[in-house]
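Participant: Residue strings, one per chain:
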Amino acid sequence: MASLVGSRVERKEDKRFLTGKGRYTADINLANQTYAIFVRSPHARASIKKLNIDKALKSSGVVSILTGKEIADDKIGGLIAGWAIRSEDGTEMKCPGNPPLAKDNVNFVGDPVAVVIAESLAEAKEAAEKVEVDYKVLKAVTSTADAMNGDTIHEGIDKNLCFDWLLGDRQKVKEAFDKADKVISIDIINNRLIPNAMEPRACVADYNAASEEITLYTTSQNPHLSRLIMSAFGNVAPEHKLRVVAPDVGGGFGSKINVYNEDIVCSWAAKKINRAIKWVAERSESFLTDIHGRDHVTHAELAVTKDGKFLGFKNETIANLGAYARVFGTVTPTYLFGPCATGVYEIPAAYTNVKAVYTNTAPVDAYRGAGRPEATYTIERLVEKASMELGIDKTELRIKNFPTAFPFKQTLVHTVDSGDYVAGMEKAKQMADYKGFEARRKESEAKGKLRGIGVTSYFEACGIAPSAAVMSLGCGVGLWESAEVRFNPTGQVTVYTGSHSHGQSHQTTFAQIAADELGVPIENIDIVHGDTDKGTFGMGTYGSRSLAVGGIAIVNACKKIVEKGKRVTAKMLEANPEDVEFKDGEFIVSKSNKKKTIGEVAFACYLPGVRDEMKSPLPEGDEPGLKETSFYDPSNFSFPAGTHIAEVEIDPETGHVKLEKYTACDDFGRIINPMVVEGQVHGGLAQGIGQALYENAEYDETGQLMTGSYMDYTMPRADNFPEFNIGYTCTHATTNPLGVKGCGEAGAIAAPPTVMNAVIDALGGQEVTMPATAEKVWKACKNLKKSNAKAA
Amino acid sequence: MKYFNYHSAKDSKEASKLASSSSAFLAGGMTTIPSMKLGLATYKDLIDIKNIKKLSGIKVSGKSVTIGAATKHVEVSNSKDVKKAIPSLSSLAEGIGDPQVRNRGTIGGSIANNDPSADYPSACIALNATIHTNERKIEAAKFFKGMFETALKKGELIEAIEFQIPEKSSYQKHPNPASRYAIVGVYVAKHKGDVNVAVTGAKSCVYNDKEMSKALLGNFSSSSIDGMDLDSSEMNSDMHASADFRASLVVTQAKKAVDAC
Ligand SMILES: Cc1cc2nc3c(=O)[nH]c(=O)nc-3n(C[C@H](O)[C@H](O)[C@H](O)COP(=O)(O)OP(=O)(O)OC[C@H]3O[C@@H](n4cnc5c(N)ncnc54)[C@H](O)[C@@H]3O)c2cc1C
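Those protein sequences? They're chains A and B, same order as listed.
With the first letter of the first sequence counted as 1, position 707 gets the number 707 in the numbering used here; the numbers rise by one all the way through.
With the first letter of the second sequence counted as 1, position 128 gets the number 128 in the numbering used here; the numbers rise by one all the way through.
Because the hints were derived from the structure by calculation, they are not lab data.
Misleading hints may appear alongside valid ones.
What the hints assert, rightly or not - Taking lysine to aspartate or glutamate and the DMTMM-like style, the derived pairs with C-alpha atoms no more than 20 angstroms apart in a straight line are:
id, chain 1, residue 1, chain 2, residue 2
1, A, 779, B, 231
2, A, 449, B, 45
3, B, 190, B, 259
4, A, 779, B, 226
5, A, 182, A, 301
6, A, 427, A, 678
7, B, 44, A, 129
8, B, 214, B, 167
9, B, 37, A, 129
10, B, 2, B, 45
In this text, all values refer to a predicted model and were calculated from it rather than measured experimentally.
Could you put together the complete structure from these sequences and hints?
Facilitator: As C-alpha cells, then:
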C-alpha cells in the first residue's frame, strides 16, 4: 500500500464546505430558543453610576434582562489570564477582575454591561436600545508607549503595569556591548491587528432542567479548555454538567482560544431562564470585542564586530495587554516572544525585558504567530539595519551568524533539535533570483520607480507547550494533547482528537496519518473533534501544535492498537507475539507466513469466540474491544525555520507599494499533505503581508476604535498579492516520531519583516512604521529626493 | 427593529407621489441599507424603483451616452457601447467597490447620494453631463451642491444621466485601501475647445479644477501641470490621507489621467 503521508490527498471537508453543508454555530437552532443582545459600553473608560432596565423590560418580547449585579450575586467568575508571569523583582503579575458583565466600571468600548434576552432578535435589539446606563466618563488610557504615565485604570495596579519581566542576563549583555565595534539600534512598533476570522463569534446555550446539564455550542478553537475554564473559574457548572461543542468553526487565528463574556453569560442565563439562548456577533462587535493581536513598542540593540559577528542583543519592549489580561494574554509577550527574539543566530549574550501594560482598549491576546512575529520583526529589522550600516550583504551577514551545528542551543531558552539554515538561505536566494535583483532595480529606476529587496530568516517554537520545558521556565501550565483511536467491529476507524480544526484540514491530514499507521483505507477513517462529550480531554488548536502534538498522540494511539493487534493475532494463530509483524494493514507471523488483516483482528476483539472452537482469541490480560488512548506530552518544542525574500516597487509620486515578488522557503520537517501546507503558507503570508502593508487597529485618544469596519480597516484582498513562490527544505524534527514541525504560523511570522525590509531598502534605509501606507511612503520618498538632491 | 413600509413603484410618477420627508428611494440599496442597519438613518417608507423599466438601460447617440438611473455599475462596466464611446466611463464603473456592490449599486443612487469620495460625480462633471429628472434637466455643474447634497428636491427622481462624449478622457483613482472609494479620483476629459479636470475625494464635494483645466487647454500634456502646488486648505484630512497628501495626489492623478488619454 502506498503511503498517504506526503501526498496531495483531496480535502475530506471540502464537499461539506463547498456545497454549503457546513454546520457552524449560527446554523444551530434549538426549539423554543431566545435571542441575546449585549448592551455594551460606548465609552473606553467610565464608572457605571446607574443602570435602569425598567423601560427595556416593558419592551415587546423581552424574556429577561440580566446585568453585572445578577452575575455577581450568582458568584459567576470572570475571565482569566491562563499563565502567571513573575516580574524581574520577583513579584507576581497583577491582574484585575474581569467580570463577564461589568458592574462598576467599564474599561473598553464594547465591554458588556447587560444582556437582553427576547423572543426574537429584532425585539432583543429594540429592547437593548432602551436600557439606560448612566456613565461617569473617565479619562481613557490608550497609548501603549505612554500607558505607564496615564491614570490608573484598575485600582491597585500601579502605573497600569501587569508585570515587568526579564529573560536573560543584563550584566553579560553589558559586557558584550562594551566589547562591540558598533551598536545597531532600532525603535519599532508592532502594530495592533484585528484577527477578522471569516465567521464571527457566536454561541447557542441550552439547559436541560431534568439532567441539569448545560450544552454550549460555541465558536471555539479548544472546547475542552473552554469547559475547564468555565467550570473551574467561571463557576458556571461542574465539568460533568457542562458540554461544550465547537462545530464547524470558520477561522480562529487565536481569536477563538479565549472563553468570552458571551459564552459565560449565555450558559449561565440559559439555566436561569430555563430556555435556549442564541447569540451571534455582528461584524462591528467582532471588531470591538474579539481579542486583538500584537501592539508592541520596542527599542532593541545589537552589538556587532566590524566584520559582522553578533556579540549581544538587548530588547526593551512595552506590550499592550488591553483592558484585561486574557488566557494567552500574558504568555504571548513573554515566553512566546522573548526566547525567539534572538532569531536564528548565535548571539553570546542577550536579554528581553517586557513591560506589559493595561490600556482602555480591547484585550490583546494570541493572534497567528503570537509573540513570534513580534520577536522575528525585532531581530530581523535589526539585522537588516546592521547589514546596511556595516555594508555587508544581508544574506552574508545572516549566514555568518547562523549556528553551525545542531542541536543548536539558542541564546535564551530553546535547544533547537534540527535544521539547516544555510541550505534554506541558499535555496531561497536561488528561488528569488537574488543575484538578478540589481538589474531589476535599474529597470524600475528607469521607469521612475524605487525597488527594494528584503530578507528574513526566522525560526519559531511550535507545538506548545511541552510540560517539562515550560514548567522549568516557571509557567504553571504545560500543554499536551490526547487522541483516542476506536475500531468498529467491522473495521472502520474513528479517531477522536483534542485538537480542533477551524481551517487546518485535520479531517484529511489526521486521516492520512492514521491510514498509514493502521493500513486502513482513508475512506474508512473519520476524525472527530470539537465536542467534550465525544473525545477525551484535549487542549485544542493554536501555536501550530495540532500536528506536532495532536498528530503524534494519534500515532501513539495507533501504535498501541498495533501492539494489541499483534498479541491477538498471536493468540489466534498460535504464535509468539514477538514473531508477528505488522505491515500495510496485515499482521503476519514471520515463521509461518500466516496472517490476519487488521479488520479481522478488530472483529475478533469485539466478538471474541470462534464457533466450535470454544476458545477466545483474546490473550490473557487483554480485554475485549479495540480502542486505545494516548496522552502525548512532547519532550521539546518543534522548530520550523526558513528564509523569505520579498521585492517591492514603489511609486514615489503616490507612495503606492507594489509587492512584486514573494519567495518563501520553509523547513517544516516532514510534510503530510503538501496541498494543505500550501494553503497554510498562503494564509499566513496574506496575514503577514497584511500587517506590513495594510492592517492597523487604531484608537483615538478617547478610546474609540477608528477602524471599526471594513470601510477603514484594510483587510488585504487577493489582488494585493503576487503569485507566491513557495519552496521547502527539509530536516526532520528529531523529537517526534513523524519528524514534523508545524506550518500554520510561518507566513504570519516571516512576512512582516521581509516586506518591511524590502520597503525600507527601496527607501534608502529610512524607517517607516507598519503598515507602510501610501502617505507614509510618499513622505519618505520626498525626504529621499531631498537628501539625494543635497548629496548631489 | 425599525419598521418601515416597502413600496414597489411601477413608474416615476408613483414613486414621486409616494415620497415624503421620511422616505428614500431604494435603488441598489448599497448606501441606504447599510446606513439603516447601522442606525445612521431611519425611514418610514422605502420606495423601490428597480421595477421601473424606464430607469434602466444605456443609449448611445453620436454625441452622448445616456444611462438610466437604475442601471447597475456592472451593466455600465460591461457595456460594449459604453466601452466604445467613453472607455474611461466603463473603467470607472469597473473600479467601484467590489463585485457585490457593482452587481447592485446604481448610477442614479450614486449621484443622488453624492458621497464626497464617490466616483461617478467626477464623470458627471468631466463629461458635462445633464441629469434628467422626472421634473427637469439639471446641468452637472449645478447638480452637486455640497457634501451629500444635490439640487434634487423632495420626491424628485433622477431618470437618466446623459454624458457628452469627449475627444479623449481618463479617470485615475487613488483608492482608499480598505473601502476602495476614492481618496482622490481625477477625471480628465478633453472636449472640443474645453478641458475638464473633475476631482473627487479631495474636498467635501466634487469640483472642476479650473487652474489645471486652463493649463491643459493651453497644452494638453502632463508637463503643463507637473509640479503644480495646489492649495490644500479646503482639502479633506482623515486617517487615510492628510490634506497635503491629497493635494499632491490630485496633481499626480491628473497627470496620470492626461498621460493615459
Ligand atoms: C462596500 C462598498 C463599497 C463601495 N465602494 C464605492 C466606490 O469605490 N466608489 C463609489 O463611487 N461608490 C462606492 N460605493 C457606493 C455604491 O457605488 C452605490 O452606488 C451607492 O451606495 C448608491 O447607489 P445605490 O443604487 O445602492 O443607492 P441606494 O442605496 O438605493 O440609494 C441611495 C440614495 O440615493 C437615492 N436615490 C437612489 N436612486 C435615486 C434616483 N433615481 N433618484 C433620486 N434619488 C435616488 C435614495 O433615495 C437614497 O437616498 C460602495 C458601497 C459599498 C457598500
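Participant: Would you mind marking each hint as holding or not holding in the structure?
Facilitator: Structure-based check of all given hints:
1. The hinted pair formed by residue 779(A) and residue 231(B) meets the criterion: a straight-line CA distance of about 18 angstroms does not exceed 20 angstroms.
2. Straight-line distance between C-alpha atoms of residue 449(A) and residue 45(B) comes to about 53 angstroms, which puts the hinted pair past the 20 angstroms bound.
3. Straight-line distance between C-alpha atoms of residue 190(B) and residue 259(B) comes to about 12 angstroms, which keeps the hinted pair within the 20 angstroms bound.
4. Distance hint between residue 779(A) and residue 226(B) is fulfilled; the C-alpha atoms sit about 18 angstroms from each other, no more than 20 angstroms.
5. For the proposed pair residue 182(A) and residue 301(A), the alpha carbon gap of about 10 angstroms is at most 20 angstroms, so the pair holds.
6. With a CA separation close to 17 angstroms, the supplied pair residue 427(A) and residue 678(A) stays within the 20 angstroms bound.
7. The hinted pair formed by residue 44(B) and residue 129(A) meets the criterion: a straight-line CA distance of about 19 angstroms does not exceed 20 angstroms.
8. Restraint check for residue 214(B) and residue 167(B): the C-alpha separation of about 17 angstroms stays at or below 20 angstroms, so the hint holds.
9. Under the criterion of a C-alpha separation no larger than 20 angstroms, the hint pairing residue 37(B) with residue 129(A) is consistent with the structure, at around 14 angstroms.
10. Between residue 2(B) and residue 45(B), the direct Cα distance comes to roughly 11 angstroms. Compliance with the 20 angstroms bound is thereby established for this hinted pair.
This entry does not satisfy hint 2, going by the numbered hints stated previously; all others are met.
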